[in-house]
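Listed below are the residues making up each chain.
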Amino acid sequence: GEDVEQSLFLSVREGDSSVINCTYTDSSSTYLYWYKQEPGAGLQLLTYIFSNMDMKQDQRLTVLLNKKDKHLSLRIADTQTGDSAIYFCAERRNYGQNFVFGPGTRLSVLP
Amino acid sequence: GAGVSQSPSNKVTEKGKDVELRCDPISGHTALYWYRQRLGQGLEFLIYFQGNSAPDKSGLPSDRFSAERTGESVSTLTIQRTQQEDSAVYLCASSPQDNEQFFGPGTRLTVL
Numbered sequence: 016g017e018d019v020e021q022s023l024f025l026s027v028r029e030g031d032s033s034v035i036n037c038t039y040t041d042s043s044s045t046y047l048y049w050y051k052q053e054p055g056a057g058l059q060l061l062t063y064i065f066s067n068m069d070m071k072q073d074q075r076l077t078v079l080l081n082k083k084d085k086h087l088s089l090r091i092a093d094t095q096t097g098d099s100a101i102y103f104c105a106e107r108r109n110y111g112q113n114f115v116f117g118p119g120t121r122l123s124v125l126p
Numbered sequence: 004g005a006g007v008s009q010s011p012s013n014k015v016t017e018k019g020k021d022v023e024l025r026c027d028p029i030s031g032h033t034a035l036y037w038y039r040q041r042l043g044q045g046l047e048f049l050i051y052f053q054g055n056s057a058p059d060k061s062g063l064p065s066d067r068f069s070a071e072r073t074g075e076s077v078s079t080l081t082i083q084r085t086q087q088e089d090s091a092v093y094l095c096a097s098s099p100q101d102n103e104q105f106f107g108p109g110t111r112l113t114v115l
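Chains as they are written, first to last, in the numbering used here: chain L, 16 to 126; chain G, 4 to 115.
If we strip away everything but chain L, and leave its shape as in the complex, we get (with noise of 0.2 Å):
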C-alpha cells in the first residue's frame, strides 16, 4: 500500500520494555526516522537508521530494520514514566515530498 503503517496504541509498565512496530511502503527509501511527540508539543527526533544497515542502538533506544519486509522497530528498554508519548515512524523516499509518517503509536506507561 502507499500508507505507512503503526499500531495505534501500546500499553506496558514502568521498567518493562516497549517494542513499537513500523511497516514501511518504499523499498529504495534511504533513511528511516522515528519521532517522539509529547502532549502539546512538536515532533522530536529521536533516531534514525540508514537503509543499509540492520540495528543501530543509542542508549536505551534499539532500531531494526528488516529491508526485506520493510519492517522497522523501535525498542525502548527499561520504559519510564517520561517515555509516554506517541511516536512516529516516518520513511524517507526519493521522489515526491521526500518524508512520509506513519500515524502514531501511543505509548502509554504504567506504573
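Worth flagging that the hints you see were computed from the coordinates, not collected in a lab. Each hint should be verified, as a subset may be incorrect.
Stated by the list, open to error - Some, not all, of what chain G presents toward chain L, calculated at C-beta under 7 Å:
1) Leu42
2) Phe68
3) Ala91
4) Pro108
Said to hold, decoys possible - Result set (SDA-like, lysine to any residue): computed pairs, CA atoms no more than 25 Å apart in a straight line:
5) Lys51(L) <-> Asp21(G)
6) Lys83(L) <-> Gly55(L)
7) Lys85(L) <-> Phe48(G)
8) Lys51(L) <-> Val92(G)
9) Lys83(L) <-> Asn102(G)
10) Lys60(G) <-> Thr45(L)
Idealized CB from N, CA, C, for every residue including glycine.
Let chain L serve as the given structure and place chain G on it in line with the hints.
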C-alpha cells in the same frame, strides 16, 4: 534561537476569515515542510519547499491553501475563507539537504 520557530502559537478565528501562519526555519536549511495534524491523528503533508521553490504542493487540500517562501528563509502558509475542518495544529519543519527534519512547536488553529 537555534530551532525552528512558528508564530502565532495559537490562533482562534471565525469561519470565513483568512489566516497567515509563519515559520522561521533553522538558518541555512534549504528544505522546508508544512504538515497538518488534526486532533489525535498523524501528520498530513501539505507542501515542501526546496529553496524558494515548491516542487511538491500535492498535499494542499484545496485552493484556499497557499504557501510561499522568501529569501530561502521564512515561509508563510495562508488559509483563505477558513472552515471549521481547518482546525488543527500546523507544523513546520526544516531540513538541511533533505536528510533530517527539525520541527517547530506548531501553530494551533481553531476555527469557530
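Hint by hint, here is what the structure shows:
1. Leu42: At 12 Å from the nearest chain L Cβ, Leu42(G) fails the 7 Å test, so the hint is violated.
2. Phe68: Given a least distance of 15 Å, the restraint on Phe68(G) is violated.
3. Ala91: This interface hint is violated because 13 Å lies over the 7 Å limit.
4. Pro108: holds, 5 Å
5. Lys51(L) <-> Asp21(G): Between Lys51(L) and Asp21(G) the Cα gap is close to 31 Å, so the pair fails against 25 Å, i.e. violated.
6. Lys83(L) <-> Gly55(L): violated, 36 Å
7. Lys85(L) <-> Phe48(G): holds, 21 Å
8. Lys51(L) <-> Val92(G): holds, 16 Å
9. Lys83(L) <-> Asn102(G): Between Lys83(L) and Asn102(G) the Cα gap is close to 23 Å, so the pair holds against 25 Å.
10. Lys60(G) <-> Thr45(L): holds, 22 Å
When held up to the earlier numbered hints, the structure conflicts with 1, 2, 3, 5, 6 and fits the remainder.
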